[in-house]
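K.L.:
Chains as they are written, first to last, in our numbering: chain A, 98 to 394; chain B, 98 to 394; chain C, 98 to 394; chain D, 98 to 394.
For the record, the hints were derived by calculation from the structure and aren't laboratory data.
Note that the Cβ used here is the ideal one computed from N, Cα and C, for glycine as well.
Be aware that a few hints might be false.
Stated by the list, open to error - Covered by chain B, per the in silico footprint, the following chain C stretches (three or more residues, Cβ under 8 angstroms): (1) 205-213; (2) 230-242.
Stated by the list, open to error - Dumping the calculated PhoX-like pairs for lysine-lysine here, alpha-carbon to alpha-carbon at most 20 angstroms: (3) K388/C to K388/B; (4) K291/C to K316/C; (5) K107/B to K388/C; (6) K319/B to K291/B; (7) K316/D to K291/D; (8) K388/A to K291/D; (9) K316/B to K388/C; (10) K388/A to K316/D; (11) K388/D to K319/A; (12) K319/B to K291/C; (13) K319/D to K388/A; (14) K316/C to K388/B; (15) K319/C to K291/C; (16) K291/A to K316/A; (17) K388/D to K107/A; (18) K388/B to K319/C; (19) K388/D to K316/A.
Protein chains: 4
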Amino acid sequence: MQLGLIGLGKMGFNMRERLREGGHEVVGYDPRPEVTDVPTLAALAEALESPRVVWVMVPSGEVTHATIVSLAEVLTEGDLVIDGGNSRYTDDAPHAKLLAANGVGFIDAGVSGGIWGLTEGYGLMVGGSDEDVARVMPIFDTLRPPGDVADGFVHAGPVGAGHFTKMVHNGVEYALMTAYAEGYELLAAEDLVKDPQAVYQAWTNGTVVRSWLQQLLAKALKDDPGLNDISGYTEDSGEGRWTVEEAIRLRVPVPGIAASLFARFLSRQDDSPTMKAVAALRNQFGGHAVKRISTSG
Amino acid sequence: MQLGLIGLGKMGFNMRERLREGGHEVVGYDPRPEVTDVPTLAALAEALESPRVVWVMVPSGEVTHATIVSLAEVLTEGDLVIDGGNSRYTDDAPHAKLLAANGVGFIDAGVSGGIWGLTEGYGLMVGGSDEDVARVMPIFDTLRPPGDVADGFVHAGPVGAGHFTKMVHNGVEYALMTAYAEGYELLAAEDLVKDPQAVYQAWTNGTVVRSWLQQLLAKALKDDPGLNDISGYTEDSGEGRWTVEEAIRLRVPVPGIAASLFARFLSRQDDSPTMKAVAALRNQFGGHAVKRISTSG
Amino acid sequence: MQLGLIGLGKMGFNMRERLREGGHEVVGYDPRPEVTDVPTLAALAEALESPRVVWVMVPSGEVTHATIVSLAEVLTEGDLVIDGGNSRYTDDAPHAKLLAANGVGFIDAGVSGGIWGLTEGYGLMVGGSDEDVARVMPIFDTLRPPGDVADGFVHAGPVGAGHFTKMVHNGVEYALMTAYAEGYELLAAEDLVKDPQAVYQAWTNGTVVRSWLQQLLAKALKDDPGLNDISGYTEDSGEGRWTVEEAIRLRVPVPGIAASLFARFLSRQDDSPTMKAVAALRNQFGGHAVKRISTSG
Amino acid sequence: MQLGLIGLGKMGFNMRERLREGGHEVVGYDPRPEVTDVPTLAALAEALESPRVVWVMVPSGEVTHATIVSLAEVLTEGDLVIDGGNSRYTDDAPHAKLLAANGVGFIDAGVSGGIWGLTEGYGLMVGGSDEDVARVMPIFDTLRPPGDVADGFVHAGPVGAGHFTKMVHNGVEYALMTAYAEGYELLAAEDLVKDPQAVYQAWTNGTVVRSWLQQLLAKALKDDPGLNDISGYTEDSGEGRWTVEEAIRLRVPVPGIAASLFARFLSRQDDSPTMKAVAALRNQFGGHAVKRISTSG
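So here's chain A without its partners, still in its complex pose:
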């Protein structure tokens, strides 16, 4: 089928390729002339036959919001917008309402798979009405991994359910990464273990802990045993923060996910103010030596 696709970055570019390989007609728009198919959003709207389906794949937050506001102006009754970015699920209902005022439908779609999705397919979690989802199903079927539709695609619920599910997916992902990383640090710290990489390689088959992320860590350790070239400084893209915030709203205890989030915050601090205060306290009551920060060259 025909699809407009806004945002041809790391994810959108690959998705256009996978969709075209799947026989769909994709009209892509991106502000960068070297990748775009049409010069403007208006041109995108013109290039598509009514009723149109437009997939938005741009950074979440302000960029996504501005894009949807702009789409509300160029789209017409019967069109449908899919937000496939990592939007916070609380943005979805307002966007759906905004578009509905013009008779335009809305689907939120969480897309997992990273740079591997092009070849392996993307895990999809979508929210919206049954009718809207059915309409876009040919697109979802091409994007998702081959095999049983239930193994790689879920219509999780009404508008918002897709991004909520993707948010939880990423929160779980944080905690999984921490789990494997703690295991790595333990193996690397113990002299008995000759080569943590070999252990991670061996875990890829037959063990209870085997997984795709686990394979990736084995690969990363093969590329750079000791991880000497990589800093522990780790950004977070929002979903981890949102997951803990939603957990608080829902009164769900999430010690594993929260620990993973806090570890990222900590990785970005030159020195921890919390630990400075602890060190200062120890000095006060015990006369314990504290490490003074050198002020001379």
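Chains B, C and D: place on chain A using the hints.
P.N.:
Quick look at chains B, C and D alone, frame taken from chain A:
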């Protein structure tokens, strides 16, 4: 090759079957007459040709220790013992020394895969000398999953390295299970999400979080949506506790694994003494209502 | 000086008493006829000389908001409102703006001390302009504990700073309570320790851990050794949740406070869905026994 | 009464002074000639009248053990040894047995108060027989803070109970410090709050969070607002590690104390191997940028 196998429980029974299917001659010993091949340990020793290889697959701790002490009496120079149970790795060096006094070799082998190992193969992590490991390699090759030997088997280091690696494997496993379980609780708590099971099923393909454990949780949720028949009461078999203890010894921060361990402890308490004390404190300073425990029928 | 005081519950009632003992003229309003001094908010406004100062001490959230909206209608230019409840600090700027439209000033005041404040004085953390704070200083001076003003009172910053500071105070309080409570559980679990209450009593003097909360726990344990009459079920009043949410916004790692918050959530669950999922997983891969929930009477 | 005191370091030196001011005759021994009263342990034994009481106040572990072994050689039937250092409580029973072989008694005494104990008195937690404790009570009465004996002294149980209690005290202390330190970091991160030091000062009176440690943090922040001169690098002296280990043995969940311990471990790492692995993983699946470690000057 020929192998003595002590302990024909859930794991050992299946291993005997897989080994026999692989063409090995296995003489099994177990105190339960309905499964054993020989009536006594002495009979086991007699039934094997020298130099013998004996795999011990019994509960860790006292039972394993007693078995190895008994083996030290019936085995002779040139024989080799493999402890395939979930022994603490600190037990390995003493056992190796005990056996070495009689010229008997020792390998510690961590075995992962649970009840699925029979058909899929077991992930193996072993510790010992190069010579000893080479000698038993035909057995390991049958037990491990098919495919590249490095993907399912690791000679992790000298005696102790196998069980240390298996301990870390299980510590990681604890944290992975917590990650998936926290995700489940979040999905189940949010009304937008129609069916957490469908989400877990969809995550099995294409997503970043896909894994064997993740598939198992999808399966468990299919069998019992809502998990209504299962109590949260969860035992721990020791490796999680040991992992945190070793982390403390090695000064490795393991917030994810520790949170998982503490959650298990908590799951076994009728009421948390810590939270009773918190509730008592709130009552003291704020006159906050506390939930009194009813003493009447 | 003269003060209107709205809300004569556990906190407001005692504050009226302390203020009157301190020589102030307090006109209290509460919907309950048995405690109120005036029948309506309008009557309160009439009873006070212009320019008026009105202290709001009602439940945070909707009740506080409705009260301030009502006050905006009956107060006049030059009056001043103090929100002394446990409002979220993000409510303060909107309230200040609402009142400023009528020329009415606003101070947010965090009040600590619970039921003990009547006799010992209340710890105060306030936000607002220098002028507004100076104007109410006689009231603050009576409410705060005797002694140096800096030890019991802080003008933390502009509007919002008072409630932000009080929120952090309560977040810290959560973690302190957990710390003492974990210590109690450890002492109670170890047979060598004859009487955890005696230990908590002994810690009240000379030790590094001595504190007001620590004294209260000693007292609670004296009243009910073993805490047999108290359930661990523990409510949370909002500040703990907000503290973790603000920590996430500010990218501050707060593992101690978050652990305390999650422990409260958990204390209110009959059975943990997270641990049900962990138990289900163990059963799937290991054939580990799970505790089935009895369905018969 | 007469007391031998071995170890005249930061703690022992002050204790000798406090005991002498209290009218006791103290014979101190220390390898440093500038502080010792006698040249050797043998001279110490000779200088004391039988039956002797000797207080050992040296670093825990090997030094304490060696000292007690030496004492076993020079002391005689009816003498009594007090280990007042921060020994692990599991060392106490072996030491008691060693000394009992010569008819020498043993008390383990946890001593809290740091450098402030000289003037304010030391919080004491002791383990031993009723007879032995009664015999040394005059010493304990001088060391402990003035006031009710139950507020600053506890005979916690038999041999080992004193050090166990002190270990828990220090575990709680870790978590308290973390609680206050997290609060500090939050206050310092929020622009609305003008001066975190003023807040900590204000919390010293009237608030629920007031405590001795809280006062010390106010003082530390007064000395060095911003804590610019202090590194977050924080040692741990063993009791925190032991507390978590004992919690694991006793199956007591201690998320607060464990988080505090792990934060110390982390504070001593230049870069976290766990976070390097997380960063490496993100790079693998998402092509997320990682911070490369510069290898050029």
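K.L.:
Compare the structure with each hint and give your call.
P.N.:
Do the hints match the structure? See the list:
1. 205-213: holds (count 3)
2. 230-242: Violated - the segment 230-242 of chain C has 0 residues with a Cβ nearer than 8 angstroms to chain B, which falls short of three.
3. K388/C to K388/B: violated (27 angstroms)
4. K291/C to K316/C: Holds, at roughly 17 angstroms.
5. K107/B to K388/C: holds (19 angstroms)
6. K319/B to K291/B: holds (14 angstroms)
7. K316/D to K291/D: holds (17 angstroms)
8. K388/A to K291/D: violated (27 angstroms)
9. K316/B to K388/C: It holds: about 18 angstroms lies between the C-alpha atoms, which stays within 20 angstroms.
10. K388/A to K316/D: holds (18 angstroms)
11. K388/D to K319/A: holds (19 angstroms)
12. K319/B to K291/C: violated (50 angstroms)
13. K319/D to K388/A: At roughly 19 angstroms apart (the allowed maximum being 20 angstroms), K388/A and K319/D satisfy the hint.
14. K316/C to K388/B: Satisfied, since the Cα-Cα distance of roughly 18 angstroms is no more than 20 angstroms.
15. K319/C to K291/C: holds (14 angstroms)
16. K291/A to K316/A: Cα-Cα ~17 angstroms, so holds.
17. K388/D to K107/A: With Cα atoms ~19 angstroms apart, K388/D and K107/A stay inside 20 angstroms; holds.
18. K388/B to K319/C: holds (19 angstroms)
19. K388/D to K316/A: Answer holds: K388/D to K316/A is near 18 angstroms, not above 20 angstroms.
In summary, the structure is inconsistent with hints 2, 3, 8 and 12 from the numbered list given earlier, while agreeing with the others.
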